[in-house]
Amino acid sequence: MSVNRRQFLKIAGVSTVLGLGGATVLNGLKRGGLEATQLSPDPRALTAKRWGFVVDVSKLKTEADYQRCIDACHNIHNVPDHGNPKDEVKWIWKDTYEHTFPTTTESEFMNKELKEKNFLLLCNHCDEPACVRVCPTQATFKRKDGIVMQDMHRCIGCRFCMAACPFGARSFNYRDPRPKIKIENKEFPTRMIGVVEKCTFCYERIAKGLPPACAEASNGAIVFGDLEDPNSEARKIIASKFTVRRKPELGTQPSIYYVIGGHENA
Amino acid sequence: MLEKALYGSKRYWTWIIFLLAVIGVGCLTYLKQLNEGLGITGLSRDVSWGLYIGQFTFLVGVAASAVMLVIPYYLHDFKKFGKIVILGEFLAVSAVIMCILFIMADMGQPMRVANILLHPTPGSIVFWDVVVLNGYLLLNLIIGWTTLGADRKGVKPPDWVKPLIYLSVPWAVSIHTVTAFLYAGIPGRHFWLTAVMAARFLASAFAGGPALLIILALLVRKFSKFDPGTEAIQAIGKIVTYAMFANVFLLGLEFFTAFYSNIPGHMHPFKYLYVGLEGHTKLVPLMWTSSILAVVSLVLLVFPSVRKKEGILAFACISLFTSLWIDKGFGLIIGGFIPNMFEGVTEYWPTLPESMITLGVWAIGFLVLTVLYKVVIAVREDDTAVEH
Amino acid sequence: MYNGGKIIVGLVVFIALFAFPFYYNIGKAMEKPEPKTDTPAILQWEKEHGKKECVESKEFMRSEHMQLLNDWRDSVVRNGDRIYTNAAGKQFTMSLQNTCMNCHSNKKEFCDKCHNYMAVKPYCWGCHIQPKENKS
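Protein chains in written order, with this note's numbering: chain A, 1 to 266; chain B, 1 to 388; chain C, 1 to 136.
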């Protein structure tokens, strides 16, 4: 018969919305806090001003090559497989040229091979992210290194970010993901029902000096690097080859570049 | 005054118990949703908002429409609205309560809703929507309750209410403008990315809300001794007519821009809604029903001699309300998600549990409305008794 | 008293309902929780360092662990800072799943003991995977 904390928070939440007791809740949460000097980054961490990917799918020869990248990500991040498109959760996936770039470089008579070529899609970690702009709780936010992060602890599940993202990069936990995780990675959390999730640029791996999982599994098809650094490998590829970004006309400034054609253009 | 809601006829109590039963079923279904997640709804990765958010959007309009009575009565001293203005204010109260409940129903983690206030984000439109909606609820409760209380005692409302009433006018406009901004500022959703969105929202609100009010006023007259006034009802009919024409005009503008520009992204949602896209036609019958009802209501409303007949006026208002309910409470939201971000089509249809929760919220709204109107009627009937 | 009978009956019903938690729990006094710190990892640490110690003092952890975890979470997720330096200058990786639960692999005997006693249900475990435990 006890009121647990969650129920208490529910009541507190509702009364806060009604404008009653809001101040009490605020005061209650302001105490304590650690000294900033006690918290520091891991010295092994990879750093950048703006992380980005260059994806060259010509280096992905077979279905298995794509799947290896997808599995690398989904397995270590405990991404569930619901087996239906309605409840689907995905961080990185493949789709055709037409669906990847529906507005950018569509051409009636373009060669069939490219039109039906599969691309790897994931969160664009935009420089001007629409999802961050609309989030009412700052549960999704842009880090100093350009990564668009998702704080699953704070997300209230309003799904405004899903409506706002022009790239369909976000998934919502319509159902409990736990029973649908094939292989559990004990070092990474799962999610709970009712929150939004997406690719986090493997923030937990670059913090330890490791490359993002998809890049590592891609045999060089995915190159990651600092887009602000002219000497990074990513920038060198962008400078020398013909690359496009998804829906650039929307001004979100995606940080994921796709090499088109695969051959040297410059 | 609230005690007046405790005395009523058998019919009154049957209605209350019926509403409570619907609320009960809705609440039980909501518990299921809390437990199993929003997977029990028809929502999907591609169509991530549906019936709940549609109803929310529609009801913000109903709430805002109270201003259509407040302006003539308080700003232009249009005396005939004296008795009916309180019905508008209390309709706004119940509509805003429904709005808040629909938002809660749509939330994945409703127990964390306080995060909106704990981490206030002025850049997010949702933050402003929470502020203006709660403010509007409070304004209308205070104004309605105070003026009615004064009325009961047969005195003038206290002076401090006047500034609040004036404030409620821009505030009503703000709630629907902010709600329109939820949609109109999103890149990549062509259907919503339109500058006339807020204007359309206001026009449809000022048609749909007052239409509902006419129906309610006619019901009040039928079931009680309180008469909101024939002339007042006719005057609202005029407002409904103008607003509905403005609404249809604005919708026409959307069609022109989409189809004359011939930009596929702009045309696709309209095609999906009215003729179907890539063989997907789930919403087509519904949208045509809405269009036909809109035309029917306009034809009946446009001739003053026709809409003078209260039976026809009521029919026209019901048609108009249903038309807007489909258009704004459903088509507008779903249309924004189809086609999806990859130019593919994933359709949406509400599930049974989703519909039960929706009905439950409407029942709560009607319960609040019934109780508030009961108080109004009791006060007004007392007045009549004194006059005679 | 006007309607006295009804009022008294109403009062009795109200008190009966209001007092429900009290008489429902009569005779079910719960013993004082004694969270266990005897996992292999902790015993190993004790062997190597000569004493049992957490990231901060026992007293601090007892009263402030929730605040500490809150700050850890914000630091890791929101700022990307993952190393915690405690009052004694020792460094730890801030991770509930990989640091805390690595030592306290006995969630049932450690976390749950007090949380159940205090009737709080932190939602950590909705996402963070708890260590596998023997059912004993």
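It should be emphasised that the hints constitute simulated quantities derived from the structure, not laboratory data.
Just so we're clear, the structure is a prediction, and the values are computed from it rather than from any experiment.
Hints should not be assumed to be uniformly reliable.
Said to hold, decoys possible - Covered by chain B, according to a simulated footprint, are these stretches of chain A (three or more residues, beta-carbon under 8 Å): (1) 169-182; (2) 241-254.
Unchecked claim - From the derived model, a few chain C residues whose C-beta atoms are all more than 10 Å from chain A: (3) Ile8; (4) Val12; (5) Lys32; (6) Pro35; (7) Lys51; (8) Glu53; (9) Asp71; (10) Arg82; (11) Tyr84; (12) Cys103.
Glycine residues also receive a C-beta, built at the ideal position from the N, C-alpha and C atoms.
May I ask which of the numbered hints given earlier this structure violates, with the numbers listed in increasing order? 9, 10, 11
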